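Student: Protein chains in written order, with the numbering used here: chain A, 1362 to 1654; chain B, 852 to 1208.
Hints are computed from structural coordinates only; laboratory data are not their basis.
Be aware that one or more of the hints could be misleading.
Said to hold, decoys possible - With the C-beta cut set under 8 Å, the calculated list includes, among others, these residues of chain B facing chain A:
1) ALA901
2) PHE932
3) ASN934
4) ALA936
5) ILE953
Claimed, not checked - Anything over 10 Å on all C-beta distances counts as not near chain A; from chain B, calculated:
6) GLY909
7) PRO923
8) ALA975
9) SER1013
10) ARG1054
11) GLU1074
12) VAL1111
13) SER1157
Computed from a predicted model, the values in this text were never measured in an experiment.
All residues carry an ideal CB built from backbone N, CA and C; glycine is no exception.
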Amino acid sequence: MERKTVFPQRLLPYLLLAPQLLITAVFFFWPAAQAVWFSFLRQDAFGIRTSFVGLENFTELLADPTYHEALRNTAVFATAVSLLSLGLGLLFAVLADRRIRGAGLYRTLLIWPYAVAPAVAAVLWIFLFHPQVGLIGRWLNGVGLGWDYKLNGGQAMLVVILAAAWKQVAYNMIFFLAGLQSIPPSVLEAAAIDGARPWQRFWTITFPLLSPTTFFLIVVNLVYACFDTFGVIDALTKGGPAKATETLIYRAYVDGRVNLDLGMSSAQSVVLMVVVILLTMVQFRYVERRVHY
Amino acid sequence: MATLSLAGIEKSFGATRVLHGVDLDVAEGEMIVIVGASGCGKSTLLRIVAGLESPSAGRVRIDQRDVTALEPAERDIAMVFQNYALYPHMSVRENMAYGLKIRGFARAEIERRVAEAAALLELAPLLDRRPRQLSGGQRQRVAMGRAIVREPKLFLFDEPLSNLDAKLRVQMRAELRRLQRRLGVTSLFVTHDQVEAMTLGDRLLVMHQGHAAQLATPMDIFERPADTYVASFIGSPAMNFLAGRLTAGGAAVALAAGPVLRFADGPRPGAEGMPLTLGIRPEHLVPAAEGLALALDLVEPLGSESVLHGRLANGEALAVRLPGRPPAVDRLTLALPPATLQVFVAETGRRLDPSPA
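Chain A extracted, bound-state conformation (with noise of 0.2 Å):
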């Protein structure tokens, strides 16, 4: 069912449109114009002289092994931060939901990390990671594992990955918990009268019933996993040692304002567009054709 306003005046519906378009086409369309036009151009070192060079900035990335290493560094990161903050958050949610006294407080509480900046996200993880003065850090080399995520590549992405998924299970335990809660508890009790155990209930009773929510939430983790994350590996690892923590997302920021290479830059920033516009699709193509109960 669509229900169709229809306006008396031509000109009102585009006044009323106005604002959020030119917002859009500023910040958004412009941008994105001149980062596809940036795509097809060199410069030199200084910026005096500019050239047109079709899709050599194309071919020559997607060529680089370095891009490839980026490319692998964001699937393992994407993933795992996706993982971990899709499972925190469905564990918190299942915690939260049941009836218990201070439910309220604890909800609000495990809601704070979302509204943290990335930045102060990040200066957090280092007061515990940092291998001299972090709490976990310090213990960690006290227990002779020899920790330090400024020289081990593994180590800094655990730490990126952990700090960027922290701050996401706040965001999946919100959705995961309005998920619980519309799903009527007399379902559950005939899944009990049924002879199902609190495991198997949730497996084959809540778990299927809340696959809408989990859909949306794994294309919104990855899109947030892929672009959202720059602040968080600029604060902690600036996508060191030796570029371990390198995801598509800082590389295309090192190229363009540190290298100062716009025209690889924005071939790159090409590249995640496309990927985000990908995304988006699937997600919008399957949230449509998803059957609701």
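We have chain A already, so just place chain B on it with the hints.
Tutor: Only chain B this time, still in chain A's reference frame:
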């Protein structure tokens, strides 16, 4: 098939006491209907039997086995919910098979039982549909099927017909009764609908404010209600109540409205002048030359009968049910046949029977 026994079941939610010690013994294959207004504790009682709530005090026994501390899964019961509570992501077949699968039945046995139940409930063509593709009546039958395939010791029904439209409800009511008779499974059925209660139950348990007001066969409850609450709850239109006092050494009642009526079934015990409440059903009042004068203020023609509402000279309200078309008058004189009178103590509302001879 099993017996069910409830002993002194109490339940409090915080400071609110919703059940004040309910006892009930159900024989094998019996269908007990628990009936009462909303908030009387009938659903809570059913949920305690199911194991979905635990009682604050009292024991639940199924087949003499104390199940009070057991999980719902361990009680071997099946329940049909008001909103059916079907699993929305499963087909009708999977809905019915779920309980068997969980309990580890062999696939062939599951298929046999599901097919049997589907045939019994005429669900065979719908087995591959999802619940959302079914009508209310069909969902209701699936919920029944899910209960039947389990072959449980006990069926519990929590107002399963109240989400259906009036016509379907009557039809499903009859179906349900036939099914229960045929399967012979001991059943508890909760409803607020007195017609459902009267037609479905071998015996009724009328609940009032967390107490069991009366437990008896439907006709016993109709003919010999234990108190004024039961008397007013069962029967439509509701029983009339008139104030009066015990007189003539307990052999008669002097109505506040005037007449003195002798009891047909013998004198009542009690002090002379003790306040009484006299009950008479609207269909038992008969127009007569002499008796109570009723000024009519509302006439409800129902086709085969008419219900007339009015007031007596002293202001007491009275309803009369007469067969056929309503008479075109605004005053009626009514006689109260003594054999149909119900006598209650005004102070407690309890039934007052004749003193034993």
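Student: Next step is simple, just say for each hint if it's right about the structure.
Tutor: Consistency of the hints with the structure:
At its closest, the beta carbon of B:ALA901 sits 6 Å from a beta carbon of chain A; the interface hint therefore holds under the 8 Å criterion. Interface hint at B:PHE932: satisfied, since its Cβ lies 5 Å from the closest Cβ of chain A, which is below the 8 Å cut-off. At a threshold of 8 Å, the smallest CB-CB gap from B:ASN934 to chain A is about 6 Å, leaving the interface hint in force. Taking 8 Å as the C-beta cut-off, the interface hint given for B:ALA936 holds, the closest approach to chain A being about 4 Å.
Of the supplied interface hints, the one on B:ILE953 holds, with its beta-carbon coming within about 5 Å of a beta-carbon of chain A, less than 8 Å. With a least CB separation of 20 Å from chain A, B:GLY909 remains clear of the 10 Å interface cut-off, as annotated. Listed as outside the interface, B:PRO923 is inconsistent with that label: its C-beta sits roughly 5 Å from the nearest C-beta of chain A, within the 10 Å cut-off. No beta-carbon of chain A comes within 10 Å of the beta-carbon of B:ALA975; the shortest separation is about 22 Å.
At the 10 Å boundary, the C-beta of B:SER1013 stays outside the reach of chain A, the nearest C-beta of that chain being 14 Å off. Non-interface status of B:ARG1054 relative to chain A is upheld: no Cβ of that chain comes within 10 Å, the nearest being about 24 Å off. With a least beta-carbon separation of about 37 Å from chain A, B:GLU1074 lies farther than 10 Å from that chain, consistent with its non-interface assignment. Residue placement check: B:VAL1111 keeps its beta carbon more than 10 Å from all beta carbons of chain A (closest about 56 Å).
The beta carbon of B:SER1157 sits about 42 Å from the closest Cβ of chain A, which is more than 10 Å, so the claim that it is off the interface holds.
Hint 7 from the earlier list is the only one contradicted by this structure; the remaining hints agree with it.
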